[in-house]
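Guided by the hints, dock chain H onto chain W, whose structure is given.
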Amino acid sequence: MNTRLSTEVDIVCVGFGPATGGFLAELARRCTGGSRPPPFVICYERSDDIGFGVSGVVTPARAIKASFPGFDLAEIPMATPVRHEHVAYLLDPVGASRRSWAVRAADATIVRAMRWALPFQTEALQLPWTPSFLRKEGGVVLSIGQFMQWVAGQVTGSGQIQIWPSMPVASPLLDGDSVVGVRLIDQGTDRQGNPVEGFTPGMDIKAQLTVVGDGPIGTVGRQLDERFGLPEGHNRDDWAVGMKMVVELPSHCGLEAGTVLHTFGYPEPEIFGFLYVHPGGIASLGIFVPSTFDNPARTAYRYLQHWMRHPYLWRHLEGGRLRSWGAKSLLESGRRGEPHLVGDGFARIGEGSGSTNMLTGSGVDEAWATGVLLAEGVAELWEANRPFTRANLHEAYVQRRRASWVETEGRIAEKARGGFQKGFIRGLIGMGVAGLSGGRLSVRGRPAPPHRRLPTIEEYYRGRIPSSEIDRMREESLTNGIPLHESLMKRAGWPAIPLDGKLLMSHQDALLVGGKVQAPSGYADHVVFIDSAACEKCGTRICIDACSGQAIAAGPDGKVAFDREKCIHCGVCLWNCSQARPGDSERGNIEVKAGAGGLHSAEN
Amino acid sequence: MDTPFQIVVCAGLVPDPLQTLEPAAGPAGPVLKNEMMLPLVIDPWAAHALFEAAALAKRFPGSKVWLVSLAPRAKLQQVMMTVAQKAAFELVALDSPAGGFTESAEIAAEIAAAIERLPGIDKSRLLVFGGWESASRGTGTTLQTVGERLGIFEQFQGVDRLDMAPDGAFQVIERIEGGRHQASACSGLPAVFGWATGELPEPPNNPQIGMANMRTVMPALNRARPVKIANEGLSFARVTAPNQRRDTKIIKDMAPGQIAREIVDWIGPEQ
Numbered sequence: 001m002n003t004r005l006s007t008e009v010d011i012v013c014v015g016f017g018p019a020t021g022g023f024l025a026e027l028a029r030r031c032t033g034g035s036r037p038p039p040f041v042i043c044y045e046r047s048d049d050i051g052f053g054v055s056g057v058v059t060p061a062r063a064i065k066a067s068f069p070g071f072d073l074a075e076i077p078m079a080t081p082v083r084h085e086h087v088a089y090l091l092d093p094v095g096a097s098r099r100s101w102a103v104r105a106a107d108a109t110i111v112r113a114m115r116w117a118l119p120f121q122t123e124a125l126q127l128p129w130t131p132s133f134l135r136k137e138g139g140v141v142l143s144i145g146q147f148m149q150w151v152a153g154q155v156t157g158s159g160q161i162q163i164w165p166s167m168p169v170a171s172p173l174l175d176g177d178s179v180v181g182v183r184l185i186d187q188g189t190d191r192q193g194n195p196v197e198g199f200t201p202g203m204d205i206k207a208q209l210t211v212v213g214d215g216p217i218g219t220v221g222r223q224l225d226e227r228f229g230l231p232e233g234h235n236r237d238d239w240a241v242g243m244k245m246v247v248e249l250p251s252h253c254g255l256e257a258g259t260v261l262h263t264f265g266y267p268e269p270e271i272f273g274f275l276y277v278h279p280g281g282i283a284s285l286g287i288f289v290p291s292t293f294d295n296p297a298r299t300a301y302r303y304l305q306h307w308m309r310h311p312y313l314w315r316h317l318e319g320g321r322l323r324s325w326g327a328k329s330l331l332e333s334g335r336r337g338e339p340h341l342v343g344d345g346f347a348r349i350g351e352g353s354g355s356t357n358m359l360t361g362s363g364v365d366e367a368w369a370t371g372v373l374l375a376e377g378v379a380e381l382w383e384a385n386r387p388f389t390r391a392n393l394h395e396a397y398v399q400r401r402r403a404s405w406v407e408t409e410g411r412i413a414e415k416a417r418g419g420f421q422k423g424f425i426r427g428l429i430g431m432g433v434a435g436l437s438g439g440r441l442s443v444r445g446r447p448a449p450p451h452r453r454l455p456t457i458e459e460y461y462r463g464r465i466p467s468s469e470i471d472r473m474r475e476e477s478l479t480n481g482i483p484l485h486e487s488l489m490k491r492a493g494w495p496a497i498p499l500d501g502k503l504l505m506s507h508q509d510a511l512l513v514g515g516k517v518q519a520p521s522g523y524a525d526h527v528v529f530i531d532s533a534a535c536e537k538c539g540t541r542i543c544i545d546a547c548s549g550q551a552i553a554a555g556p557d558g559k560v561a562f563d564r565e566k567c568i569h570c571g572v573c574l575w576n577c578s579q580a581r582p583g584d585s586e587r588g589n590i591e592v593k594a595g596a597g598g599l600h601s602a603e604n
Numbered sequence: 001m002d003t004p005f006q007i008v009v010c011a012g013l014v015p016d017p018l019q020t021l022e023p024a025a026g027p028a029g030p031v032l033k034n035e036m037m038l039p040l041v042i043d044p045w046a047a048h049a050l051f052e053a054a055a056l057a058k059r060f061p062g063s064k065v066w067l068v069s070l071a072p073r074a075k076l077q078q079v080m081m082t083v084a085q086k087a088a089f090e091l092v093a094l095d096s097p098a099g100g101f102t103e104s105a106e107i108a109a110e111i112a113a114a115i116e117r118l119p120g121i122d123k124s125r126l127l128v129f130g131g132w133e134s135a136s137r138g139t140g141t142t143l144q145t146v147g148e149r150l151g152i153f154e155q156f157q158g159v160d161r162l163d164m165a166p167d168g169a170f171q172v173i174e175r176i177e178g179g180r181h182q183a184s185a186c187s188g189l190p191a192v193f194g195w196a197t198g199e200l201p202e203p204p205n206n207p208q209i210g211m212a213n214m215r216t217v218m219p220a221l222n223r224a225r226p227v228k229i230a231n232e233g234l235s236f237a238r239v240t241a242p243n244q245r246r247d248t249k250i251i252k253d254m255a256p257g258q259i260a261r262e263i264v265d266w267i268g269p270e271q
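One line per chain: the protein sequences are W and H, in this order. In this text, residue positions in the first sequence follow the working numbering: the first is 1, and each later residue adds one. In this text, residue positions in the second sequence follow the working numbering: the first is 1, and each later residue adds one.
In isolation and in its complexed conformation, chain W is listed as follows:
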């Protein structure tokens, strides 16, 4: 079957995350019983099943609760109301953390010296209160995987809305500056995308409206950004990777369901951590490694293990068992990274539309709310039989969004993290000042793409590891096929992780036991190195160390190699590449295209 087929629907959605969930739930409710038959809506999701590859959260759930009045979200598996919230500053118990002199001084003179007078416990300072902007009182601890499965069941019941997982969208269909639908991924190809046996060209799905909710690294959203650019003054250079686990807590763990812990200060000052307790002795826990942490050999997995081993956390986790594991990129630019929200025939919702609030550390509820706001507008336009033009969508959706709490709170948050561009302490001050002043005050900082900001490995470890030794480590790394960060961190004083095969395991075992990662055959490689010469001369190769799934490794002839079967589609390589793309200094040398497979766990 080599002919490209085409079909028409009323609305096509790209990605089934919380934003699209909100859109479809609200649209299903509003378009029932109108003067026109409800629109026929198709949603395509890249992951192999609904709820794969997303993450556990604590959320105020204001918008989510409003969508399901009278329904107790705690009835969804792994959901429970927030009961206790704590924020803890973690000291460095191993002496390997890369702390500035100011942080070390504060640790020694304020925290340790005053420990008798402070709420100090197990190498951590637990703050006596949780700042108001971080609190999730009245909120819910959720497994987004379980929640999205439940939402899918609700919205597809009528048959008018269809959700199809395991079907990546390759690109938007453009007619001039209008989006007229999407093109699905080609199937039956080799790794380079060439047709092989069973080749089926991706179908064209034409629609009056294309709803783009494919997240911060979604291919359709990024192609629209390339085509239309970002609004003046907006940029997307502020990122983080969130790496997490779902853990069966040991029987001695006394943490009550609904407990929420936030940490900062360790394993590196810039790395924030979280632990949310679900019912049934299960916890979602993990770290955020931001792009402002300029370690050119950073590894989220190894840091996650060191974070778990911190005494403040390990007392709860020792003896626990890994159930699930995964990672995803977070667009920390928030509202500063907002793209053009609408155009002729399309609208953007969710995290990829700049809705994440990095001051409150909240994204799911905001994403859901943007979907609801779009559905309100779309339902109005549909009922009035008005076309989905840029002007109509602006009136129906963008104006609603501008008047919403998502916008108000997004504006407060948009400069809150600027200080982290200048260091950890200024970052904390900036965040606190912005939060407590309602965004009127902030510490400014302009993010830059990694190829303009990342130091070399030699520069980063200057004074700690001689260049000659780094050269030797590099050689060994190439010879033995192990990531460079293993040797660098060991040399920098990080202790070995005592693997127990249950909770502390090798990165590869976490992929298999936790992520259950796999990739169906017959698809092209979705991670592509644009200019191999740039990779060969790259001194950092941060793509290898930062890769959440160890899917990128040193290849033959000085090149880098991608193994699709290990990729979890977190997109970290996209925003970490330290080499500028030839002819486009704003982007790195790695392209991430539409791809199938990834995580196979719905507990995340």
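Bear in mind the hints are in silico, worked out from the structure with no lab data behind them. Yeah, the Cβ is synthetic: ideal placement off N, Cα and C, and Gly gets one too. Treat the hints with caution; some may be incorrect.
[What the hints assert, rightly or not] Counterexamples of contact, computed for chain W against chain H with all Cβ distances above 10 Å: (1) I50; (2) A117; (3) P165; (4) T389; (5) R390; (6) N392; (7) E476; (8) W494; (9) D531; (10) E603.
[What the hints assert, rightly or not] Cut-off 30 Å, straight-line C-alpha distance, at most; resulting in silico cross-link-like pairs (BS3-like, lysine-lysine): (11) K33/H to K65/W; (12) K422/W to K490/W; (13) K537/W to K422/W; (14) K33/H to K206/W; (15) K490/W to K537/W; (16) K33/H to K502/W; (17) K33/H to K123/H; (18) K206/W to K593/W.
Quick look at chain H alone, frame taken from chain W:
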């Protein structure tokens, strides 16, 4: 002109094969821990049967494929989002908390009754397909019992290939002991075919088939017949997960002989 075939595929749902399964004691017998949270897939053996059924129906225009499945309705709805892109069929849903710890004879009785209720069913043109084995139980008895309850005694298990003639005569190749195959010829239908892996690859996802299927899948789910499985007279002496020992290493392009040798060494000498 010969009448098209009626192909009924019996397929249960099982946990995604990559999940870690842990038996636990429930109030009414053994259960899988966190069963409701486990992602489910169509039983891989039965999935082969479905792909073969779709290919057969395509070869004989006018033939119809039904997919009869007994499972929790909500889970069935979710699995249909994936399966319905693969092959054209009409779903017959039976809503029941079926799993790996239910009495296969009771399930077989319900499925057979559902097949008997299909409108216009003509046993002289009927092929009952299913999995030779199941990922949720190793006995593989359900399909045989379905056939017996329907009064179909031409049964073939471990089927890898089926060649149908338009008049309903067929040749079938089954797996038998010792890694060998047995070829049989029959002059007519009905017959039961418990498929092994067949010869067809998993078809690509086809959005057009998915859209067309879903127009009938949702109504079928909405009228899913509730089924109570009593598990009468069933008791479990012991329920355990197989022992696992994980020893991971990643090596590319290893020769098959070397892989075999490593596995034998890893398992160790026969006790």
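Evaluation of the provided hints:
Not every CB of chain H is more than 10 Å from the CB of I50/W (nearest about 6 Å), against its label as outside the interface. For A117/W, the shortest C-beta to C-beta distance to chain H comes to about 45 Å, beyond the 10 Å cut-off, and the non-interface label holds. Not every Cβ of chain H is farther than 10 Å from the Cβ of P165/W; the closest lies at roughly 6 Å, contradicting the non-interface assignment. Against the 10 Å criterion, T389/W stays outside the reach of chain H, whose nearest CB is about 26 Å from its own CB.
No Cβ of chain H approaches the Cβ of R390/W within 10 Å, the least distance being about 28 Å, so the stated non-interface status holds. No Cβ of chain H approaches the Cβ of N392/W within 10 Å, the least distance being about 27 Å, so the stated non-interface status holds. Consistency note on E476/W: stated as away from chain H, and its beta-carbon is indeed over 10 Å from all of that chain's, at 18 Å minimum. At roughly 22 Å, the least C-beta separation between W494/W and chain H is larger than 10 Å, which holds for a residue marked as non-interface.
Every CB of chain H is more than 10 Å from the CB of D531/W (nearest about 25 Å), matching its label as outside the interface. With a cut of 10 Å on Cβ distances, E603/W falls inside the contact zone with chain H, its closest approach being about 6 Å. For the proposed pair K33/H and K65/W, the alpha carbon gap of about 29 Å is at most 30 Å, so the pair holds. Only pairs whose Cα atoms come within 30 Å are accepted, and K422/W paired with K490/W is accepted, the gap being roughly 27 Å.
This hinted pair checks out: K537/W and K422/W have alpha carbons roughly 29 Å apart, not beyond 30 Å. A C-alpha spacing of about 43 Å is found between K33/H and K206/W, which places the hinted pair above 30 Å, so the restraint is violated. Proposed proximity of K490/W and K537/W is supported: the alpha carbons are some 25 Å apart, at most 30 Å. Taking the CA atoms of K33/H and K502/W, the gap is about 17 Å. The hint holds against a cut of 30 Å.
At most 30 Å may separate the alpha-carbon atoms for a hinted pair to count; K33/H and K123/H exceed this at roughly 41 Å. Only pairs whose Cα atoms come within 30 Å are accepted, and K206/W paired with K593/W is accepted, the gap being roughly 21 Å.
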